Amino acid sequence: IAGITQAPTSQILAAGRRMTLRCTQDMRHNAMYWYRQDLGLGLRLIHYSNTAGTTGKGEVPDGYSVSRANTDDFPLTLASAVPSQTSVYFCASSEKGGDYNEQFFGPGTRLTVL
Amino acid sequence: GQNIDQPTEMTATEGAIVQINCTYQTSGFNGLFWYQQHAGEAPTFLSYNVLDGLEEKGRFSSFLSRSKGYSYLLLKELQMKDSASYLCVPLGSNYQLIWGAGTKLIIKP
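Note that the protein sequences, when read in sequence, are chains H and X.
When we follow our numbering, the leftmost residue of the first sequence carries the number 1, and every step to the right adds one.
When we follow our numbering, the leftmost residue of the second sequence carries the number 1, and every step to the right adds one.
Same shape as in the complex, but just chain H (with noise of 0.2 Å):
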């Protein structure tokens, strides 16, 4: 693979129900982004790690949780989904946080809560 990967592409689900959005990068950068974009919005930043073993919270955190154990892995949980979640998710990787390097996304997971 190269660059972002995201898992699922697209996902309905029931509202309550829980959900993990995957995100891999193989390009060893070392911070790493979740966004989602809701129709005609800008971006929100929702958690963010600036390294592996380190997160942290976002414009809109709540609902949503996050770990970094590695460097390539950074998956977004929803613990129980709301139909307010449904949304674009991005996941975007740049080289240092706290910087200003451009950063990279992946593909995008649009979910549908119901």
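Below, a sample of chain H positions facing chain X; criterion: calculated Cβ distance under 8 Å:
| hint | residue |
| --- | --- |
| 1 | G40 |
| 2 | G106 |
| 3 | P107 |
| 4 | G108 |
Note that these hints are calculated values from the structure, not bench results.
If you're wondering where the values come from, they're calculated on a predicted model, not measured in any experiment.
For glycine and all other residues, C-beta sits at the position ideal for the given N, C-alpha and C.
Got chain H sorted already, so can you dock chain X onto it with the hints?
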């Protein structure tokens, strides 16, 4: 507060030149990115400006004036594939990116 102001939508003709303007207000400033986002796809990096002036990269150029809180993206020799949203993304204090909805650019033959 933090604010980004870009036109919601612009239309241009294939082969022409278009300039997308952006004004911003941020608490702290560490540069400004432009990203391109085709409908249904992820954003991709176009440019980064941290000093005043013009940065040219092929058909795309980006300009920054820090004192005016102003940037523009200039696209030359427009092609149909340039139809996309263009996102002006300041890098504020704590190196956090500030994302707006961007400008949807429609290219007509």
